[in-house]
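Using the sequences and the hints given, assemble the complete structure.
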Amino acid sequence: MYVNEKWCLGCHLCEYNCAFAESGLSDMVKALKGRAIRPRIRVEERGNVHYAVSCRHCGDPVCVKGCLTGALAVKDGAVTVDRKRCVGCLTCVALCPYGAISPSEDGPMQKCELCLETAAGTPACAAGCPNGAIVYEER
Amino acid sequence: MPINYILPEFEVRRDYDRCICCRVCERQCANLVHRYDEDAGKMLSDESKCVDCQRCVTLCPTRALKILKNENSFRENGNWSARTMTEIYRQADTGGVLLSSMGNPSEMPVYWDRILINASQVTNPSIDPLREPMETRTYLGAHPSEMRRDAEGRLITSLPPHLELDVPIMFSAMSYGSISYNAHESLARAAAELGTFYNTGEGGLHEDFYKYGPNTIVQVASGRFGVHKAYLEAGAAIEIKMGQGAKPGIGGHLPGKKIVGDISRTRMIPEGSDAISPAPHHDIYSIEDLRQLVYSLKAATEYKKPVIVKIAAVHNIAAIASGVARSGADIIAIDGFRGGTGAAPSRIRDNVGIPIELALAAVDQRLRDEGIRDRVSLVAGGSIRSSADAVKAIALGADAVYIGTAALLALGCHLCRSCHAGKCNWGIATQEPELAKRLNPDIGYARLVNLVTAWNREIKEMMGGMGINSIEALRGNRLMLRGVGLTEKELEVLGIKHAGE
Amino acid sequence: MTEMKYLIVGDSAAGVGCIEGIRAADRGGEVTVVSAEARGCYSRPLISYRLSGKVDDAGMSFRGEDFFRENGVTLLEGREAVRLDPEGRSLMLKDGGVLPYDRLLWAAGSSPAVPPIPGLERVTNRTPFHSWDDEERLEAMLTPGARVLILGGGLVGIKCAEALTKKDVRVCVAEGLPRILAAVLDDEAAAMAQAHMERAGVAFRVGDAVASFDESRAVFRSGAEEKFGVLVLAAGVRPNISVLKTAGAACSRGVLIDAAGRTSLPGVWAAGDCAEGTDCSTGKSAVMALWPNARLQGEAAGRSMAGAEAGFSDAIPVNATSVLGFPFATAGAQEGESRVLRGRGAYKRLFYGGGRLTGYIMAGDAAKAGIYTALIRRREPLDGLDLSLVCAEPSLLAFTAQRRDELLNHVETEAV
Amino acid sequence: MLREGENGNRIPSGCAISGIFSRDGERISGEKVMRSIELMHDRSNGLGGGFAGYGIYPEYRELYALHIFYNDRAAKDDCEKFLEEHFDIADQAKMPVQRNPRITDVPLIWRYFVEPLHTKLAESQLDADEYVARCVIRVNSELAGAYIFSSGKDMGVFKAVGFPEDVGRFYGLEGYSGYCWTAHGRYPTNTPGWWGGAHPFALLDFSVVHNGEISSYDANRRTIEMYGYKCGLLTDTEVMTYIVDYLVRRKGLTLTEMASVMAAPFWSTIEGMPEDERERHAYLRRVFPGLLVTGPFSILLGFSGGIMALNDRLKLRSLVAAEKGRTVYFASEESAIRVVEPSPDRVWSPGGGEPVIFTLDKGASSCR
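Protein sequence lines, in the order shown, are assigned to chains A, B, C and D. Taking the numbering used here, I'd label the letters of the first sequence as residues 1 to 139. Taking the numbering used here, I'd label the letters of the second sequence as residues 1 to 501. Taking the numbering used here, I'd label the letters of the third sequence as residues 1 to 416. Taking the numbering used here, I'd label the letters of the fourth sequence as residues 1 to 368.
Hint data in this document are derived by calculation from the structure and do not stem from the laboratory. It is possible that part of the hints are untrue.
To be verified - Capping the alpha-carbon separation at 27 Å, the derived lysine-lysine pairs in DSSO-like fashion look like this:
no.: 1; chain 1: B; residue 1: Lys42; chain 2: A; residue 2: Lys30
no.: 2; chain 1: C; residue 1: Lys54; chain 2: A; residue 2: Lys84
no.: 3; chain 1: A; residue 1: Lys33; chain 2: B; residue 2: Lys66
Unchecked claim - Here are some chain D residues pointing at chain B (derived, C-beta under 7 Å):
no.: 4; residue: Glu213
no.: 5; residue: Ser215
no.: 6; residue: Val287
Glycine residues also receive a C-beta, built at the ideal position from the N, C-alpha and C atoms.
And the structure:
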């Protein structure tokens, strides 16, 4: 997953598409209406600078190495979190250089898992990006 | 405070059951129509600012938005439409000339829609473009008047400079300044991939785009902006702009606030100074002057590049074109009155010029009557909206067509006709970096390539249906056309028969 | 060439890291692991979570049970190393066994310290809180309503106290130093943490050391007394380095290692709680008895042992956890110039010097702390950055657009 | 009766064609080609048949032979007045015909052997051929009721409304002999047909018989009319004859070059050619785009001293060729060849766009 700030419009659609995809529901209104979303991708912005940040799925992920429980692991290239193992110790939060891991509503850590469970193929954020600022491709 | 006579043209209809307050609409509207109200905890809108560009509607992830015509109705009558009345109020407010953008929106006849295309039955087989070769390659340029042979009697095959098009469709002139850098990049890259040409318009050529030179037509207009030797040499052809269909007889005016950075450098005028293109070229007051400019440009480029003369479709277009054909021009581009523009006085746009269909038919026939049709190529522009329009134009006698508005639509334009405001929400007709970045050329160029590729497929289908497998055999083949609901006179000018004849 | 014989003492974070390091470079070599414990490899920091019931036995292991088999490792459990012969390249075990090796990693970790307090020996219901065994021992001692006194307000003591709030017992934490979590937090952050725990019913006696014990009573310097049914010893640890010392390895608090984990003895590497390396945030040598460091040091040592280019030059202490829902994270040095920001129940202190971020404390909110950690680790010069933005919140906004492009729009392979 | 060209309706038609050419100049009786075309009776519908014979007027070989239809005496008088003003008329006579019940609505048919008036020719500053061509076009487009349907030297076109075999007998072609014959049986798709509209269509000594319906018609017509031609009949044959005349006589292209304009190879084919060939084809396509003929056609082009057969580039119409000794045969159907030459040495089907050209052997005189 690559983010090209040059084309990011700061529309925040990626955050909503992420939250929608995570909900597993078929209708975005039903999924998100009246809720504060906790997306796994976040748009950081200031003035005219915007860009989205989510897990970069590092080749040599320090979060996985630092994980006390083995909840974080690399599964065919994607860094995934096993909610059952995670005890929410925050070690990964203190290690991730992108700030891409955060506690979920109910404790265990949440992070971008490339929609492997939810959306087949392209992750929802990239698929929904109106300006090709988020691309999902082999490089 | 005085009465505001200008009522909102549109109504923003938001379905609050669907709205999830993601605020995309707010973030994407450069006209500041939408805003989130903390206290009310919902989105509100100021419709008076809405130009119906559909950006918010298109990006709303829950399809919660609709932009509707304001149902509020003036006491209209056959003579006084709401539009006419509002225009009067606006001028009474400002005392100014009404400005507008894009093509003539008024209810003038669209002859393309009154012309039907033929197909083979029985006596002549239609040809399946999926099985048989179907040629749309087109060459634009002059033709030699006599054959020459060498000592052994072999033909000497040297030709005047030609443009080679893989598809009979080119992107018409849109200047850098009137449209964004990203729009230009999209057009340039698409032209290169499609094997056709785009046109710099009168704004000069940005240094980054010299590499697309082999697919670029560089324009020389009355303002002479950005014209220098390297510029002329960079292009594959040079176009002299005598007129533009959207505003025949007047020049152009790009306000100083748009002349910033790259644009001022590319146009070679100081930042902030208005870019004014005079109505006439001040060195062309008649046809012999045009001939001089044509040959000056040819000489400046060592006779290596065809010269196009672009003229607006006006009443005596046939005679004008005949003159231009004899002026040394290799290609004549005719721009019809429905052609687009970045900004034009509304009255001019809506009341000056004639339809491209009639102009094209008249010019082609006139050049044939004078036996000089094959001295020049004809390019028709001014609202070619589909492959069918293109096929009809070619059958009427065009060698190729120019598309401008259609190309912009492919890039996202929704014809809100507010280009002159410079706040294009689609990142096309704007120079504000925040808006311009909304058009990612990687996406834009691919959409242009798709559009033209699709049109070319359809053109081949139609040709095959007519039993024609080469575009030359369609060119000027008016028997392939029939009119419906047209008067004798219209049919006569178009040089076609009525359906059923 | 004949296959390399690797010998690893210790099967915790550093040991496992070492195995992964070796295997990354050498699939063939023969790897043997000796462990004094007989629990397989488990995650020591999880004992408090097991105590609270959040983690079951299966959850204790941080690698699959097949880990050793999959990596072709011979595991010798419950065997203690007693003597090292660096010249002869062999290791004697308590049970008399002798293990030859070509390359050895010493990752024996540490043992709980036993403070020299009169009467301690008379306390029958006492246990350290350092190993799985300790945790089970403690659990066995607990009776409904029992009073538990935890000696030591460091991370171990605090996590133990957190766990005990899930049990039907009364908990008191005794810390001789003026604040809890002294090694990690500063006064203000520590006070916030303490207050938070007190609201959850944990009692504290801070800045008052225990003078003496009898069976079920602690008497403090101040004269105050505290009754207890169970005593937990959480007063720090000692690196297990005696064997290396006697073998002649250079030691300070821990055995000294370079970036690749080499000790002064030929063919001997060390990693984890027993090792002392350079803290790149201070440039000083220190024992960083922390899980992630152990893991990373172990891996670096493993690679180096297998002859691959390796180095873990940017070790820094990183602490993060949440106690009863109160999150905090710290990293690097806590010295030099600093800036403090407060707000919304959160406290943040950033340390900087030499034009770089050198350390931070985040309490009450640890979100995106890793961005600061990376700034420290990568020794990112601050002059390229917008300092006010850096302080405001951890985000990539502080970077230049070009640096961000490198970070977000290019293939990312190495994040450490 | 409705006639070709009236009310501007174009007349496409299907058809049968046949041709015989003797390379050594041996004279062949018209009867032979009549038998050949007759076999393809069902390919025509009685609305037109015709023949062109070459080498049939050896006694007047230096004179232009004009065959003219007249609606009535008045037309004849006008036309003859015109002819006298422009030509020396060496001989003029009613065309000999044998009445035939199946040939009706017979117009007045006259034959003239002429040469341009030297004075007129001189002041026109044209060569004789161009002078004659212009006169023919003028008569056909301006003199109501008169139609010159044959105007070459030592050749003649004979055509009428009816089945070709009847037309042949009507003109008594068994009595003529020449080194080359072409024949046509017509199947016009939407008019009764008119005598002048029948094939062959001829200008000077070019004559064309054609089977097909070209889809490029109006593109070709509007192009060729730029050069002074008037397509009065609006038939394919007419426009193709004019194209041939323009390219060969006026532009000086060889027949092969002319073929690569009318039935130009596809660009993809051209790109595969060796350089000089590629350049020649590309050049001709780019110089004469308006004269590319698409849609189905198979034509036999008669000219003095030779014959050429050409198919459209996709070969959408049948055309078979055969050889026996020095004699060459062409026909829409092989059977139409075998009926006159049961055992040819070689039978083949010319490829699309590939011209097949035969000319008289060196030394072979066109009248032996």
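Taking 27 Å as the top limit, are the C-alpha atoms of lysine 33(A) and lysine 66(B) close enough? Roughly 19 Å separates the two Cα atoms, so the pair holds.
Should the interface hint for serine 215(D) be scored as holding, given a Cβ-Cβ cut-off of 7 Å against chain B? holds, 4 Å
Interface hint for glutamate 213(D), Cβ within 7 Å of any Cβ on chain B: holds, 4 Å
For a C-alpha distance cap of 27 Å, please report whether lysine 54(C) and lysine 84(A) respect it. Satisfied, since the Cα-Cα distance of roughly 10 Å is no more than 27 Å.
May I ask you to test the interface hint for valine 287(D) with respect to chain B, counting a Cβ-Cβ separation under 7 Å as satisfied? It holds, given that the least Cβ distance between valine 287(D) and chain B is near 6 Å, below 7 Å.
For the pair supplied as a hint, lysine 42(B) and lysine 30(A), confirm whether the alpha-carbon distance does not exceed 27 Å. OK: lysine 42(B) and lysine 30(A) at ~17 Å, within 27 Å.
Going down the numbered hints, you'll see the structure goes against none, and every one checks out.
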